[in-house]
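Asks: Starting from the given sequences, assemble the full structure and let the hints guide the process.
Protein chains in written order, with our numbering: chain Y, 1 to 290; chain D, 1 to 156; chain L, 1 to 263.
Think of the hints as simulated: they come from the structure by calculation, not from any bench. Glycine included, each C-beta is placed from N, C-alpha and C at the ideal position. Watch out, some of these pointers could steer you wrong.
Derived CB-CB ranges, DEER-like [unchecked claim]:
hint: 1; chain 1: L; residue 1: 232; chain 2: Y; residue 2: 120; range: 55 to 65 Å
hint: 2; chain 1: Y; residue 1: 281; chain 2: L; residue 2: 3; range: 45 to 55 Å
hint: 3; chain 1: D; residue 1: 149; chain 2: L; residue 2: 258; range: 49 to 59 Å
hint: 4; chain 1: L; residue 1: 83; chain 2: D; residue 2: 74; range: 36 to 46 Å
hint: 5; chain 1: L; residue 1: 30; chain 2: D; residue 2: 132; range: 53 to 63 Å
hint: 6; chain 1: Y; residue 1: 193; chain 2: L; residue 2: 254; range: 49 to 59 Å
hint: 7; chain 1: D; residue 1: 149; chain 2: L; residue 2: 254; range: 47 to 57 Å
hint: 8; chain 1: D; residue 1: 87; chain 2: L; residue 2: 258; range: 26 to 36 Å
Okay, the calculated bits of chain L under chain Y, using three or more residues with CB under 8 Å as the criterion [as the list claims (entries may be wrong)]:
hint: 9; stretch: 19-28
hint: 10; stretch: 54-60
Here are some, though not all, of the chain L residues that point toward chain D, as calculated from beta-carbon distances under 8 Å [said to hold, decoys possible]:
hint: 11; residue: 35
hint: 12; residue: 45
hint: 13; residue: 47
hint: 14; residue: 51
hint: 15; residue: 191
hint: 16; residue: 192
hint: 17; residue: 196
hint: 18; residue: 197
hint: 19; residue: 201
hint: 20; residue: 228
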Amino acid sequence: MRSFARIAASFALRFFKYVNTASSKEPVVQLEQVRFAYGEREILRGVDLTVHRGQLVAIMGGSGSGKTTLLRLIGGQLRANAGRVTVAGQDLSRLSTSALYALRRRMGMLFQFGALFTDMSVLDNVAFPLREHTDLPAEIVRDLVLMKLHAVGLRGAAGLMPSELSGGMARRVALARAVALDPLLVLYDEPFAGLDPISLGVTGQLIRRLNDALGAASIMVTHDVQVSLGLVDYVYFVSDGVIVARGTPDEIRASADPFVHQFVHAEPDGPVPFHYPAPPLASLIEGATA
Amino acid sequence: MSRTTLDLWVGIFVAAGFAALVFLAVKVGSYSGSSGPTYAVSAEFDNIGGLKVRAPVKSAGVVVGRVGGIGFDEKTFRAVVRLDLDGQFEFPADTSASILTSGLLGEQYIGLDAGGDETNLKDGDKLQITQSAVVLEKLIGQFLFNKAAETPATAK
Amino acid sequence: MNAFGELLRKIGALTIDGIWRLGFASRFFVAVLRYSGQSFRRLPLTIREIYFSGVLSLLIILVSGLFVGMVLGLQGYDILQRFGSSDALGIMVALSLLRELGPVVAGLLFASRAGSAVTAEIGLMKTTEQLQAMDMMAVNPVARVVAPRFWGGVISMPLLAAMFSAMGIFGGWLIGVVAIGVDDGAFWSQMSASVDFRYDVVNGVVKSFVFGVAVSLIAVFEGYDCQPTAEGVSRAITRTVVSSALVILALDFVLTSFMFRGL
Numbered sequence: 001m002r003s004f005a006r007i008a009a010s011f012a013l014r015f016f017k018y019v020n021t022a023s024s025k026e027p028v029v030q031l032e033q034v035r036f037a038y039g040e041r042e043i044l045r046g047v048d049l050t051v052h053r054g055q056l057v058a059i060m061g062g063s064g065s066g067k068t069t070l071l072r073l074i075g076g077q078l079r080a081n082a083g084r085v086t087v088a089g090q091d092l093s094r095l096s097t098s099a100l101y102a103l104r105r106r107m108g109m110l111f112q113f114g115a116l117f118t119d120m121s122v123l124d125n126v127a128f129p130l131r132e133h134t135d136l137p138a139e140i141v142r143d144l145v146l147m148k149l150h151a152v153g154l155r156g157a158a159g160l161m162p163s164e165l166s167g168g169m170a171r172r173v174a175l176a177r178a179v180a181l182d183p184l185l186v187l188y189d190e191p192f193a194g195l196d197p198i199s200l201g202v203t204g205q206l207i208r209r210l211n212d213a214l215g216a217a218s219i220m221v222t223h224d225v226q227v228s229l230g231l232v233d234y235v236y237f238v239s240d241g242v243i244v245a246r247g248t249p250d251e252i253r254a255s256a257d258p259f260v261h262q263f264v265h266a267e268p269d270g271p272v273p274f275h276y277p278a279p280p281l282a283s284l285i286e287g288a289t290a
Numbered sequence: 001m002s003r004t005t006l007d008l009w010v011g012i013f014v015a016a017g018f019a020a021l022v023f024l025a026v027k028v029g030s031y032s033g034s035s036g037p038t039y040a041v042s043a044e045f046d047n048i049g050g051l052k053v054r055a056p057v058k059s060a061g062v063v064v065g066r067v068g069g070i071g072f073d074e075k076t077f078r079a080v081v082r083l084d085l086d087g088q089f090e091f092p093a094d095t096s097a098s099i100l101t102s103g104l105l106g107e108q109y110i111g112l113d114a115g116g117d118e119t120n121l122k123d124g125d126k127l128q129i130t131q132s133a134v135v136l137e138k139l140i141g142q143f144l145f146n147k148a149a150e151t152p153a154t155a156k
Numbered sequence: 001m002n003a004f005g006e007l008l009r010k011i012g013a014l015t016i017d018g019i020w021r022l023g024f025a026s027r028f029f030v031a032v033l034r035y036s037g038q039s040f041r042r043l044p045l046t047i048r049e050i051y052f053s054g055v056l057s058l059l060i061i062l063v064s065g066l067f068v069g070m071v072l073g074l075q076g077y078d079i080l081q082r083f084g085s086s087d088a089l090g091i092m093v094a095l096s097l098l099r100e101l102g103p104v105v106a107g108l109l110f111a112s113r114a115g116s117a118v119t120a121e122i123g124l125m126k127t128t129e130q131l132q133a134m135d136m137m138a139v140n141p142v143a144r145v146v147a148p149r150f151w152g153g154v155i156s157m158p159l160l161a162a163m164f165s166a167m168g169i170f171g172g173w174l175i176g177v178v179a180i181g182v183d184d185g186a187f188w189s190q191m192s193a194s195v196d197f198r199y200d201v202v203n204g205v206v207k208s209f210v211f212g213v214a215v216s217l218i219a220v221f222e223g224y225d226c227q228p229t230a231e232g233v234s235r236a237i238t239r240t241v242v243s244s245a246l247v248i249l250a251l252d253f254v255l256t257s258f259m260f261r262g263l
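Replies: If you want it as structure tokens, here you go:
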């Protein structure tokens, strides 16, 4: 390994950086009474949420409950109408574009279907953030990328194009790309969507392992209850724009809350009704016969 | 595709594009004729006929400049034509200008006939001797008028 | 009465929507220019796009240019020989190509070959969240994706138009001189005597440059602005081709009336 010493040095530098920032006890992400609306349609109505370093947090909820919006607010893609979103001590609503970009260099995000750049090879995809944001020599970038790919078990696929990967492999490459800059905060948007059980298990384990290895904070938006409860440290349940329940996986499993109970046990009917609101069937039949 | 092949193709493309431009400039358009410094002289005409801006200015059949502008003098009621002459050609100060037509129905141009003066034309000078355009309608009218005047005389 | 009111409301909505899009496109244009620095500092990005919009359009441009020139040779000869001035064939072919057909036809071909490809590419990147992913990696997608494609098109277009015109003149020469038998010397000398470099050649290049800016802007804008669905991308591609064609023809009229009014 010709450049091993240099890589070791760069890792050591990064490690010291973590020691410095990790010593402060302040949370990585903090949301206080956050409200958000698309025009007239209110999506979030006063959300509080806190994520600390080293934590893997899941945000769960049904489709259209506002959990993806929540993730976008944390990533700075959307701005809250009211309340405060703080990431690494910085209030997102007060940041200029360049300051937001500076903050995003310390964030990684895994998109629902990976969002790999289709015109670049796997290696170039993972190297993309390194090449854009650092002046590291080409061979060091290459070695770093291979190490990241090795961590997700895909070092052998470095030369492939994204179109040649299976869904699960693409997700793992995207994961390697999301953590390429050793981020402080990693956001996962539906990391398990559309994966077979084996890939799902692998991806879940990787998310947990990477979070612990990086000492980062991770937020995962998902509706895959059983897998998530086995992985995460803390769960927030979102429904209709508010947090309806929160707790550790054990507390969630034992929860008596009807909504959580329905969700965890995947019951078809409960607080989340099976039927879309409609006039009673009887009135319809009567109207037809009359 | 590797970087070098891509660079090569783009290099060929750009070179071919510029080659086409050079071809258009040199072979198709008379690039050499219209470059270089020019100097302007003016001339007044009673009638310029169908003369247009950018029409050629020729001397002995050779293009020596272009018509730079056409105006109207409100006091003398004559047309004022600005000639942009190529800096490499010099003409005596008493050169005369006439508006001519190439062929029977061709475009109109200005012909310069060099005089014998010792001093040469300078930028801003005015040509004193001019000959207006031959207007075909006037010519025909004159011809018919003459014919009409002739006929009664021979009848007597 | 109610239907009439509905019609008026529709016209109003269309107008407002049109103005809104125009405003958005102008702001987008400013943003593209503002973030263009990177496309020149990191030249490989732009060179790649010149390859995709320029080099890959070469074949269609050269073949079309040859055929357009050959048709001009045939038609021009037929018309000019009625007036006994078939020697002027070179002038006619060269002026038609340099002033009008070169920039306009090359622009239309460029819009349907390269413009649609750029719209499709950017639209698909948006649909598959690649642009968002880039934004989340603190890389501005306008600077990294849009601006190089814009400049690639702007640089390619005048070169393609010049090649189209040159190829067309060659086609006209092939038909006029080689096939029909117009005098070779007369063809070239008459041509170079009445084609003016600044007036005809440069104005043609200016036209093709303006068309290049317009087509490239429309292509990147429609791609960036498309609905992120398969249907949205296909509609954006159609809009790129249609509005490019309309804008080229309208701009051509405006530019021609400014450039060639004196003659």
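Asks: Now tell me, hint by hint, if it's right for this structure.
Replies: Verification of the supplied hints:
1. L:232 / Y:120: 55 to 65 Å: 24 Å, violated
2. Y:281 / L:3: 45 to 55 Å: 37 Å, violated
3. D:149 / L:258: 49 to 59 Å: Holds, at about 51 Å.
4. L:83 / D:74: 36 to 46 Å: 40 Å, holds
5. L:30 / D:132: 53 to 63 Å: 54 Å, holds
6. Y:193 / L:254: 49 to 59 Å: With a Cβ separation near 51 Å, residue 193 of chain Y and residue 254 of chain L satisfy 49 to 59 Å, so the hint holds.
7. D:149 / L:254: 47 to 57 Å: With a Cβ separation near 54 Å, residue 149 of chain D and residue 254 of chain L satisfy 47 to 57 Å, so the hint holds.
8. D:87 / L:258: 26 to 36 Å: With Cβ atoms ~28 Å apart, the hint holds.
9. 19-28: Coverage by chain Y is violated here, the residue count being 0 at a Cβ distance below 8 Å.
10. 54-60: violated (count 0)
11. 35: With a closest approach of 22 Å, the residue 35 of chain L hint is violated.
12. 45: 12 Å, violated
13. 47: Interface hint status for residue 47 of chain L: holds (5 Å vs cutoff 8 Å).
14. 51: Holds, about 5 Å.
15. 191: 6 Å, holds
16. 192: 5 Å, holds
17. 196: 6 Å, holds
18. 197: 4 Å, holds
19. 201: The hint holds - residue 201 of chain L has a Cβ within 8 Å of chain D, the shortest such distance being about 4 Å.
20. 228: 28 Å, violated
Taken one by one, the earlier hints fail for this structure at numbers 1, 2, 9, 10, 11, 12, 20, listed in ascending order.
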